[in-house]
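Protein chains in written order, with our numbering: chain Z, 190 to 739; chain S, 190 to 739.
Among the hints, erroneous ones may be present.
[Stated by the list, open to error] With a straight-line cut-off of 20 Å between C-alpha atoms, the simulated EDC-like cross-links for lysine to aspartate or glutamate are: (1) Z:437 - S:370; (2) S:675 - S:414; (3) S:437 - Z:370; (4) S:437 - S:456; (5) Z:486 - Z:603; (6) Z:437 - Z:427.
These aren't lab readings, by the way, just hints derived from the structure by calculation.
There are 2 protein chains.
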Amino acid sequence: MSDPQPPALLSSRPLDDSRTLLHRAVDLGLDFTSGELRDGLVLRHATVGELIDRFSGPIPVAGTSDDQLLESVAEIARWSISQADPRYLAFPDTGDSIAALTADIVASFLNQNLIAFDRSAPAASVIEAQLITWLRELVGYPVTPLADYQGLASLGGMWTSGGNMSNHVAIAAALAHTYPEARRSGLRAVSEQPVILLAGGVEHFSYLAAAQALGLGSDGLLWADATPDFTSDTASVERLLASPPPGKRIFMVVGVAGNCRTTGIDDLQQLADLCRQYGVWFHVDACHGGSLLFSEKLKVQLAGIERADSVALDPHKGLFVSYPSSYALFRDPNALGRFARYPDRADDPDCLDLGLITPFYGSRGFESLKLWALMKHQGTEGISRLVEDRQATYQRMVDLLERTGCFRMLGTSDFYRCAFVFLPDQVAQAIEAAAVQPSLHASVRALISRYTMAFADRLYRSGTVVFDLFALQDLADHIGLGTSAKYQVMGMCVGHPHIADDIEHGIEQTLLDHSQELTAAMLTDAHALLTATAPSDGDSVADVTGPAGW
Amino acid sequence: MSDPQPPALLSSRPLDDSRTLLHRAVDLGLDFTSGELRDGLVLRHATVGELIDRFSGPIPVAGTSDDQLLESVAEIARWSISQADPRYLAFPDTGDSIAALTADIVASFLNQNLIAFDRSAPAASVIEAQLITWLRELVGYPVTPLADYQGLASLGGMWTSGGNMSNHVAIAAALAHTYPEARRSGLRAVSEQPVILLAGGVEHFSYLAAAQALGLGSDGLLWADATPDFTSDTASVERLLASPPPGKRIFMVVGVAGNCRTTGIDDLQQLADLCRQYGVWFHVDACHGGSLLFSEKLKVQLAGIERADSVALDPHKGLFVSYPSSYALFRDPNALGRFARYPDRADDPDCLDLGLITPFYGSRGFESLKLWALMKHQGTEGISRLVEDRQATYQRMVDLLERTGCFRMLGTSDFYRCAFVFLPDQVAQAIEAAAVQPSLHASVRALISRYTMAFADRLYRSGTVVFDLFALQDLADHIGLGTSAKYQVMGMCVGHPHIADDIEHGIEQTLLDHSQELTAAMLTDAHALLTATAPSDGDSVADVTGPAGW
Chain Z
190 MSDPQPPALL SSRPLDDSRT LLHRAVDLGL DFTSGELRDG LVLRHATVGE LIDRFSGPIP
250 VAGTSDDQLL ESVAEIARWS ISQADPRYLA FPDTGDSIAA LTADIVASFL NQNLIAFDRS
310 APAASVIEAQ LITWLRELVG YPVTPLADYQ GLASLGGMWT SGGNMSNHVA IAAALAHTYP
370 EARRSGLRAV SEQPVILLAG GVEHFSYLAA AQALGLGSDG LLWADATPDF TSDTASVERL
430 LASPPPGKRI FMVVGVAGNC RTTGIDDLQQ LADLCRQYGV WFHVDACHGG SLLFSEKLKV
490 QLAGIERADS VALDPHKGLF VSYPSSYALF RDPNALGRFA RYPDRADDPD CLDLGLITPF
550 YGSRGFESLK LWALMKHQGT EGISRLVEDR QATYQRMVDL LERTGCFRML GTSDFYRCAF
610 VFLPDQVAQA IEAAAVQPSL HASVRALISR YTMAFADRLY RSGTVVFDLF ALQDLADHIG
670 LGTSAKYQVM GMCVGHPHIA DDIEHGIEQT LLDHSQELTA AMLTDAHALL TATAPSDGDS
730 VADVTGPAGW
Chain S
190 MSDPQPPALL SSRPLDDSRT LLHRAVDLGL DFTSGELRDG LVLRHATVGE LIDRFSGPIP
250 VAGTSDDQLL ESVAEIARWS ISQADPRYLA FPDTGDSIAA LTADIVASFL NQNLIAFDRS
310 APAASVIEAQ LITWLRELVG YPVTPLADYQ GLASLGGMWT SGGNMSNHVA IAAALAHTYP
370 EARRSGLRAV SEQPVILLAG GVEHFSYLAA AQALGLGSDG LLWADATPDF TSDTASVERL
430 LASPPPGKRI FMVVGVAGNC RTTGIDDLQQ LADLCRQYGV WFHVDACHGG SLLFSEKLKV
490 QLAGIERADS VALDPHKGLF VSYPSSYALF RDPNALGRFA RYPDRADDPD CLDLGLITPF
550 YGSRGFESLK LWALMKHQGT EGISRLVEDR QATYQRMVDL LERTGCFRML GTSDFYRCAF
610 VFLPDQVAQA IEAAAVQPSL HASVRALISR YTMAFADRLY RSGTVVFDLF ALQDLADHIG
670 LGTSAKYQVM GMCVGHPHIA DDIEHGIEQT LLDHSQELTA AMLTDAHALL TATAPSDGDS
730 VADVTGPAGW
């Protein structure tokens with residue numbers, strides 16, 4: 190009997206047999222992106238338990254045929270969600286650049302190891318170095334053209350696996366810059382508590398994660414205020430820089446270029462001024478806002494980013510490139526050279542072993558080819574058009590939300606993301622009375638959060654329109670029940686430069702249909718609440734649900 | 190005039206036009222793996238400067254056509270190195286599993302975000318959880334079948350971007366376990382210096398990198414001795430555990446299951462005994478050795494790994510899966526739960542938001558599909574055959590090296606990697622006299638290193654056979670010039686389960702040809718050195734060149 194298992198390795202199979210299988214993998218991928226495998230929905234909904242029932246099984250012992258493998262993978266695709274579907278409005282990670290996909294496929298075959306040049310990744314190391322130079326130029330950093338390459342210490346940037354990690358790397362570099370003695374003696378040798386200054390309410394979770402992972406602890410964060418527009422309050426930042434709490438030393442200020450909840454953009458010039466005045470490392474988290482750098486028209490919103498000591502960019506967020514694609518850049522190119530295990534090698538213009546200046550990474554693949562290919566394929570002109578078109582599409586979608594009369598905005602930006610609650614006009618009128626009865630505020634807030642969750646959940650389960658869902662404080666008191674009130678909110682993030690008219694109308698109709706079904710129940714609950722004698726449970730807002738709530 | 194730039198996004202192009210382009214990407218990849226784009230060589234050699242001349246250029250403004258994009262990517266492929274070519278003998282990262290390639294292509298299209306289940310990665314989260322459960326079973330850890338899923342705190346493992354990172358995560362988890370107070374107060378609150386105990390000479394660079402990045406500093410490493418076989422000396426480990434240096438607390442012992450230079454495997458049982466006795470976290474770095482877990486016959490070499498508190502596995506190393514594919518596993522499943530930002534969510538069996546227990550990672554892609562697909566396609570039986578065949582092939586290649594009479598082994602293993610110098614029999618005989626003249630030792634060592642580098646370099650530039658090149662101490666005094674002597678050595682790492690006879694003969698002939706050309710010159714230099722009146726320069730051994738030397 191012949192062995193039922195097909196050969197495992199490319200080299201042990203006829204070339205055309207491999208070609209056929211891999212072309213079928215592409216076709217399977219296209220059947221997913223076209224919607225065919227998803228019944229035309231953004232997703233076919235199932236719970237954790239249902240999918241565990243479907244996919245769990247014992248460790249495979251015997252193997253399977255090529256056909257069965259493809260069918261298994263197709264089944265996974267059938268229960269996956271499309272972030273590239275225009276009705277997916279939770280997050281900007283569309284990953285649907287054809288150039289990036291092309292490059293990603295080729296990079297899998299090349300399997301270069303970016304730890305080193307010789308024996309590992311000759312051309313790939315050069316392409317990645319070139320890309321980093323281009324990104325520095327876009328940020329407005331001083332640039333040494335690659336043709337004048339002077340060694341790794343002059344490069345000033347690195348690929349990372351994501352924005353969380355880019356922020357980790359920036360913090361590690363800032364620590365190494367501020368406390369060079371820690372390279373040998375660790376943070377125990379530092380006499381004062383090093384702290385990162387950032388605004389609460391607009392921060393990404395990565396700063397707390399990094400403070401804990403890098404040995405600072407959560408005490409390593411110092412919170413400034415946020416403005417009602419969900420940006421860092423520079424007056425609050427200044428006060429804390431002028432008089433930090435006793436025993437603490439602020440070694441980094443975080444400026445946010447597009448926060449993860451409403452994509453509000455900080456006043457980076459003012460923050461840069463403050464950081465220069467107080468001699469503190471200035472980090473700009475541009476994971477969301479970085480795509481604006483490609484547009485001459487829009488990049489003015491990021492003015493001052495070129496004065497940051499470090500910048501985090503996240504092309505897999507908002508630049509149409511699939512995961513993983515993120516970059517940490519440093520104004521002083523030598524910031525990464527300080528991590529070099531062999532400083533003399535890092536200064537050698539014949540050495541392009543990127544592993545010498547990429548903390549946290551050793552052997553790793555050619556992920557940078559994707560963004561390089563997108564830039565080559567579309568040029569900055571083409572990318573600029575995509576980013577500007579997306580912003581116009583986003584404004585159209587905000588108008589759509591508003592004309593439904595179903596929602597109240599808590600935070601907006603003119604970039605690509607906003608946050609809102611489900612509060613139809615009729616219900617809003619009914620509860621207006623509550624604004625003057627403080628004893629009812631908590632109950633009304635709980636009602637709004639509950640129905641916002643219910644609305645988002647119904648939509649999500651239907652698989653027709655997907656918003657994000659997370660907790661947000663009503664800093665501007667848009668709802669009128671206090672600035673300290675926290676709600677479950679929906680987030681809309683428009684990742685798509687173009688949404689066709691019929692799809693837009695379909696989204697609007699879906700929102701109206703689901704709203705109608707919920708509004709009556711919400712009205713009833715509101716009336717009961719307003720006439721109740723006993724106070725209700727009040728607020729109970731979970732802090733995490735959708736991706737941006739993290 | 191029509192716009193010369195092709196549409197950027199999948200959704201803005203006719204489906205069949207995208208299909209054609211992406212099939213061509215597959216074909217381009219196959220032209221690389223088949224050798225066609227490499228003139229049949231492992232690589233077409235070029236220097237850093239030459240490739241910078243070829244590839245550097247200004248930031249693209251105008252974009253380019255699909256055809257030009259493909260041609261640019263093809264040109265990169267022409268100057269890339271094939272780790273999957275059987276004559277590539279430097280590193281085991283072949284990445285040529287057809288199932289993994291298939292999965293990698295589909296995963297690019299799916300672009301799931303493994304940070305969360307709902308709205309991000311429903312099926313993918315389940316598949317990754319399933320894979321982690323399988324890997325735990327292979328290690329011999331207690332396993333909760335996925336069908337009985339009890340929440341993230343019961344999962345006990347995570348994907349990472351590479352072995353460097355898996356080791357970082359293990360160290361972070363060990364710190365969080367040993368010093369729970371550091372989560373809030375950081376390492377400054379720890380009264381004694383926490384140190385990792387590991388054997389010098391067999392360690393991977395990641396421990397020093399992690400000690401620096403995680404706030405311990407290089408003082409956070411404590412060095413035990415290595416045995417002449419390049420394994421951790423358990424007697425030395427025991428001595429240090431029994432009486433650590435004053436002010437230091439050993440919080441982790443590293444056991445090495447396949448070191449990165451000779452793949453020697455530690456006595457994990459003995460190390461586990463010692464760690465239990467002294468109550469210290471036991472980490473096993475199985476980045477190289479992990480593939481042996483698939484073979485019933487070979488896994489006995491890793492006995493004791495199931496007693497480790499944490500294990501690092503690296504399927505992109507030695508398991509035919511392309512980058513990035515690495516895993517950190519924990520015997521106590523809750524070790525990762527300790528990083529959860531919302532501990533109650535981590536215990537909820539309806540929550541499968543992996544981002545809650547993956548330090549360093551937020552948004553990230555479906556990289557785990559590759560290894561899942563390989564295991565599904567080949568089963569443990571198929572993978573076991575590959576691993577066992579590779580070991581047999583490695584032994585044949587060691588025999589080949591030895592019968593050339595050109596080399597002297599400094600370190601071998603029966604797994605897949607060895608280290609040796611270029612020292613042809615004639616030269617060895619000529620310098621035998623030097624062994625009794627200590628004043629000549631340094632010069633002879635320098636001669637051997639110089640010719641080893643020259644030999645490896647000639648081979649590499651020819652693009653015909655690629656060995657690794659790095660510095661190694663002659664711990665067993667195989668050369669007879671002292672156990673403290675450090676040489677530039679070549680490393681041979683056999684990543685390929687099968688090397689065809691004609692290829693094997695070609696490799697042998699290439700080695701003999703290059704050896705012949707160098708032997709005469711080396712003999713002349715050796716005679717000059719032995720008859721010289723003045724002592725020569727002596728040793729000058731760089732510490733880093735090839736990937737494994739890192």
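Exercise for review: Determine which of the earlier numbered hints do not hold for this structure and return their numbers in increasing order.
Suggested key: Checked against the structure, the only hint that fails is number 4, while the rest are satisfied.
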